[in-house]
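The residues making up each chain are set out below.
Protein chains: 2
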Amino acid sequence: MKLGFIGLGAMGAPMAGHLLDAGYELAVWARRPEATTALAARGAHVCATQAALAARCEVVITIVTSSADVEALAFGPEGLAEGFAPGAVHVDMSTIAPGMARDLAARYAERGIGWLDAPVSGGEQAARAAALAIMAGGEAAVLERVRPLLEILGKRIVHVGEAGAGQVAKACNQMIMVNAIQACAEAMHLARAHGVDLAAVRHALMGGSAASKVLELMGERMVAREFGAGIEARLHHKDFGLLLADACRLGVPLPVAAQTGQQLNALMAAGWGRDDTSSLLRVLEAEAPV
Amino acid sequence: MKLGFIGLGAMGAPMAGHLLDAGYELAVWARRPEATTALAARGAHVCATQAALAARCEVVITIVTSSADVEALAFGPEGLAEGFAPGAVHVDMSTIAPGMARDLAARYAERGIGWLDAPVSGGEQAARAAALAIMAGGEAAVLERVRPLLEILGKRIVHVGEAGAGQVAKACNQMIMVNAIQACAEAMHLARAHGVDLAAVRHALMGGSAASKVLELMGERMVAREFGAGIEARLHHKDFGLLLADACRLGVPLPVAAQTGQQLNALMAAGWGRDDTSSLLRVLEAEAPV
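First to last, the protein sequences are chains A and B.
The working numbering applies: residue 293 is where the first sequence begins, and numbers increase by one.
The working numbering applies: residue 293 is where the second sequence begins, and numbers increase by one.
By construction, these hints were calculated from the structure, which means they are not laboratory data.
The model shown is predicted, which means the values in this text are computed figures rather than measured ones.
One or more hints might be untrue.
[Stated by the list, open to error] Here are the computed lysine-lysine pairs in the DSS-like style, where the Cα-Cα straight-line distance is at most 25 Å:
#1 A:K505 / B:K294
#2 B:K505 / A:K447
#3 B:K505 / A:K505
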């Protein structure tokens, strides 16, 4: 099976590398050609346009930043849709709006092209370790066709439902995760005001009902005040923009997510968008330049 | 070592049972004498007053509901302080205000009596399985003296700091846990509005960065709509009252905890205080009687 890959960032680069390692013939395209250098040296074929990439591939995987990016890759000038033969599949692993995923699936279906929204969770660490959680939305038959590829990238591949359902699950994931980071920050801030050792609090809590991946990883960063590493907060800010707009459209009350969204706005205003989301602790501390 | 135990509720009854099973001589007292029947049948000695209990024990463990309850047990009429010999220890495993824990420790210290605040996490299930997380505040020497007892009740025993520090850790625990329940409820509510299968969403998320004890246990209850079981929401409501008052006194901003506190208020107003805290999902659904 000939594969294409677009989106060679912190997540995509190791993912594309795993597919090469597994022996797949891989074509790549990037807006910035220098992003393809490392993979080209390992045997990936570099294409001049997205359409050219699609023309030589049965399956194209994309993992980029925004809904608009994915739409442009797919249906913009020289987009994937111009190159795909009927029966080809676009697997989008970006985090985008569920409605956009549904729209793209419908437009592809008119041309006999398959679609899967398959956003991921686990961050760069899981991308490098091929241990991502993958939340798939689309037709079951399409998922089964590409499942061997996804199994190279992730450990838990769940078919959540029809097109867009993967993105709904990802929105739920981001909401739960970033709210947990905010709650962890509030807990640390309260403990410090009491003069209590934060490392001891985190250690104690990991044994009980408050235990979570976030407390384990982000809690540790807060204790160590290592705000530079990890996931860039601007990406979570983008995700909250999407999910709160979605909630508004649907009339769904999300009171705590809305509040966390405001804290992310304050984080961005303070200039910490490229730092780790554990910087939500710094927002509470009001160290921000005013 | 002669032990006393007060607070034979859903948590305390199995805990006292574990101490009996371990071969300790156990005395009990309860406001409602019928609460002692089962333990008395297993060999526990029933005392007429808290003071009488304290007079025959080197260590007394209490696990009751409120700060006022603990203060009354300790320094009210016929309280523990009247009975304790110097060198005795009061281990309070209730969830109370950190300031009350510090006050009681200081008052006991004047009489040569030891104190440990040692609140727990893990719920009834962990109490029955002797797998509680225990967060201890007080002098290290006092903790070491009672550690063999705590090891009969729990799996992770952490010395967080001085008197009150155990309660600070517990406040952090409750804040993180109940915020996670609220975030889980919001995620489920959003997924349902999208017509996406909640069980699949929960399963997908358990493999990634949003994984937590809360998503595992309370998420399952929300999917199954089993709101009757588990931890009574009124207890979390009480805990949030404490921690938000504490934050107000200290000038610590807790924006998301404050919002979750409002959702707990709505839950109480709807009459679900004796149901599980996963009822926060029902608050979002606005099924409450108005």
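Results for each hint:
1. A:K505 / B:K294: Roughly 41 Å between the alpha carbons, so the hint for A:K505 and B:K294 is violated.
2. B:K505 / A:K447: Distance ~19 Å between B:K505 and A:K447 Cα, so the pair holds.
3. B:K505 / A:K505: holds (9 Å)
When the structure is compared with the earlier hints, a violation turns up for hint 1 alone.
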